Amino acid sequence: MPEPRRVGGPTRDSAVVIALLYPDLLGTYGDGGNATILAKRLEWRGYPVELLTVDGSTGVPETADLYLLGGGEDAPQVQAARELGTDGAVHRAVERGAVVFGVCAGMQILGHSFPDATGTSRPGLGLLDCDTIKVDAPRAVGELLVEPDPAWDLPTLTGFENHGGRTRVGASARALGRVEIGVGNGLGPGGSVTEGPFTEGIVNGRVLGTYLHGPALARNPALADLLLGWVVDEPLAPLDDHEAEALRQVRLRAARERELQPRRSWRDRIRRG
Amino acid sequence: MSPRPPASAPPRLPWRSRLAVGLGRSVAEASRLTHLGSGSVIGGRVSLAVDRHLLGELTTGRTVALVSATNGKTTTTRLLTAALGADRPVVSNSLGANMPPGHVAALGRSRPGATAVLEVDERWLPRVMADTHPAVVLLLNLSRDQLDRSHEVRKVAERWRHALEATPPGCVVANADDPLVTWAALAAPTVRWVGTGAAWHADATGCPACSGRLVFTDHGWHCHDCDLARPEPDRSLDDDDGPTFAGRGGPVVVLDLALPGRVNRMNAVMALAAAEVLGADPARAAAALAQVTDVAGRYQVAEVAGSEIRLLLAKNPAGWHEALSMLAPAPQPVIVGINARIADGHDPSWLWDVPFEALQGRRVVAAGERRHDLAVRLLYADVDHVVADSLVEAVRAAASPRIDVAANYTAFQDYRREVGDDA
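Protein sequences appear in the order of chains A and B. Per the working numbering, numbering of the first sequence is gapless, rising by one per residue and ending at 273. Per the working numbering, numbering of the second sequence is gapless, rising by one per residue and ending at 1423.
Calculated directly from the structure, the hints in this document are not laboratory data. Just so you know, these numbers come straight off a predicted model, no measurement behind them. Here a beta-carbon is modelled for each residue, glycine too, at the ideal position from N, C-alpha and C. Heads up, a few of these hints could be off.
[To be verified] Okay, the calculated beta carbon distance ranges per label pair: (1) B:Gln1291 / A:Thr53: 30 to 36 Å; (2) A:Arg256 / B:Ala1287: 45 to 51 Å; (3) A:Gln249 / B:Pro1331: 30 to 36 Å; (4) A:Glu257 / B:Asp1227: 34 to 40 Å; (5) B:Asp1384 / A:Thr53: 22 to 28 Å; (6) A:Pro238 / B:Gln1291: 54 to 60 Å; (7) B:Ser1390 / A:His242: 17 to 23 Å; (8) A:Thr53 / B:Gln1360: 19 to 25 Å; (9) A:Thr156 / B:Gly1056: 39 to 45 Å.
[Claimed, not checked] Only pairs whose alpha carbons sit at most 25 Å apart, straight line, appear in this in silico SDA-like list of lysine to any residue: (10) A:Lys134 / B:Val1156; (11) B:Lys1155 / A:Val60; (12) A:Lys134 / B:Lys1155; (13) B:Lys1155 / A:Gly97; (14) B:Lys1155 / B:Met1099; (15) A:Lys134 / A:Thr120; (16) B:Lys1155 / A:Ala151; (17) B:Lys1155 / A:Glu83; (18) B:Lys1155 / A:Ile133.
[Unchecked claim] Partial pick of chain B residues on the chain A-facing surface, computed with a CB cut under 8 Å: (19) Trp1350; (20) His1372; (21) Val1376.
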């Protein structure tokens, strides 16, 4: 490890413990990247960090500060929800004030219920007030742009989504924001899957879920810092994010221009059809 | 249905098939003359439009070997073609067009009796198996690729499994170290298992049979929750004391490949096992495939802006894991080119599953259309990097007489075209 770029004075002595839960079941879309990003952003600010990878052979720790759940395929998602529900460690940690970040299938697991591959509703952990349902609509795949709820004080969020289910936000939860481009939670007024406006993401206390999948925090350093601010409970020193900013500008423009790919030449079209 | 034995005299094609082949050839020739490309895909499409049973017709009376996988199918097809070419005429879709139009284009140009070694796109394997009644199907690996499209690699394994049950080939040559391949191949009546050593297993797919957890050890793998486990291999890559191909009751053959990397030794033992099933002499076959140098531009060396660059292709985390291990040692710089077009998949989230941390200690130039995604990945990997807008600019930024250029699919094709080899 290189010398951390120490730019702020953290007041805590004990290491911040980040637990990446079940990457062997929930890690389909580069989700481990979020753990790397959160750990590095703490290190660069001079915080000691401990990153725990929790798989089937190691029990879920109760004392971590931040828990991460990634995306996954249908069957491993059911398995992960069953194991976490039986274990109970994450519930006890949340009661204690720990922060949880769930992405895609990870967010669905954190809700009350989600559908399995056959459409049967399976129990989630109930840490987010939401239910995910199977709908008669195409899978949501593509760039996702979100105008965050002003409560979170975040810039526009950018990412990629890839999910079949749609998520109903309960009364006690707050959405992360409103969808500008894409599907997000995907249920409009009256439960419509075609008519927006759609919300995106869910927050209950310090538990946050989003359909910005995979390494969502790579494009959204401010969202990473929102989570880290909850963890350390003090203002975070600024970091040099110009490379993430360059990426954000490219992706925001690509999404707004619906430019998912560069234009292909006529020669390319004839060749490949 | 059982595989058809090769007839002694190949049957004459029906008139419709002959017309289809002729028209396809003409269109392909026109495409070549107008410099649109090799013409094999468009020619093949025209042929199939005229005769949709053409693939079956063209393989009647031939011995057919199919090669499918997520990674390494082009290289392994090339290696098997070389291995069998030592003692018989062979035809192959060497241009990398791995769906039926490419197959009929290659077969239409060949001698009727030549053994066909066909690379097959993994999603097309069931259909091509049903049409060609192969003597051997070689299954290398299955891993995540193109995240926005094939969202569940298990579904591909399931389709393979059903196809191997419905139209069993003469023999399946399967990689025993890949759980998804193993599970699919277990549905076939005749399997030759090949041990290739450690496989990529960071795809979070779980057990293909029961969705339980897979346990990987130094000696293999098994499921924690059901009885799926690594089968005992019939043939193996033994890498301990100089690479060899060996196995139960078979000869020990030394592998001395021109191609770099452990992954190509794995591809070579798979090809040798398949050649052996088709009656080839392993020692002679091994000597023949050892001569293969560059495969459709992979490992090709070219000169750009006064530097000697070597091209490497990697399409997904499993492929990158292998490609990173083939790079010249640090501090030699590396150019990494990343696109996210249709053929690559629109979602480059997989960049975070690639252990780019392995590039620490050298300069890396991020190139390709998704260079900014890569730059952020390299930042968090603590890798010294710069961003460049073109290959020439990247070579200048790398500032070294020798540079490895590793790129994903369409970026690789762009660079190949740029260095002047679009064969």
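Checked hints:
1. B:Gln1291 / A:Thr53: 30 to 36 Å: Cβ of Gln1291 (chain B) to Cβ of Thr53 (chain A): about 44 Å, so the range 30 to 36 Å is violated.
2. A:Arg256 / B:Ala1287: 45 to 51 Å: violated (58 Å)
3. A:Gln249 / B:Pro1331: 30 to 36 Å: For Gln249 (chain A) and Pro1331 (chain B) the Cβ distance comes to about 32 Å; the hint holds.
4. A:Glu257 / B:Asp1227: 34 to 40 Å: Given a distance of about 53 Å, which is not inside 34 to 40 Å, the answer is violated.
5. B:Asp1384 / A:Thr53: 22 to 28 Å: holds (26 Å)
6. A:Pro238 / B:Gln1291: 54 to 60 Å: holds (58 Å)
7. B:Ser1390 / A:His242: 17 to 23 Å: With a Cβ separation near 21 Å, Ser1390 (chain B) and His242 (chain A) satisfy 17 to 23 Å, so the hint holds.
8. A:Thr53 / B:Gln1360: 19 to 25 Å: Between Thr53 (chain A) and Gln1360 (chain B), where Cβ atoms are some 20 Å apart, the hint holds.
9. A:Thr156 / B:Gly1056: 39 to 45 Å: Given a distance of about 54 Å, which is not inside 39 to 45 Å, the answer is violated.
10. A:Lys134 / B:Val1156: Measuring from Cα to Cα gives roughly 23 Å; hence the hint holds.
11. B:Lys1155 / A:Val60: violated (30 Å)
12. A:Lys134 / B:Lys1155: holds (19 Å)
13. B:Lys1155 / A:Gly97: With Cα atoms ~40 Å apart, Lys1155 (chain B) and Gly97 (chain A) exceed 25 Å; violated.
14. B:Lys1155 / B:Met1099: holds (19 Å)
15. A:Lys134 / A:Thr120: holds (9 Å)
16. B:Lys1155 / A:Ala151: Measuring from Cα to Cα gives roughly 42 Å; hence the hint is violated.
17. B:Lys1155 / A:Glu83: holds (24 Å)
18. B:Lys1155 / A:Ile133: holds (22 Å)
19. Trp1350: holds (5 Å)
20. His1372: Cβ of His1372 (chain B) sits 4 Å from chain A, so the hint holds.
21. Val1376: holds (5 Å)
Hints 1, 2, 4, 9, 11, 13 and 16, counting from the list given before, are not met by this structure.
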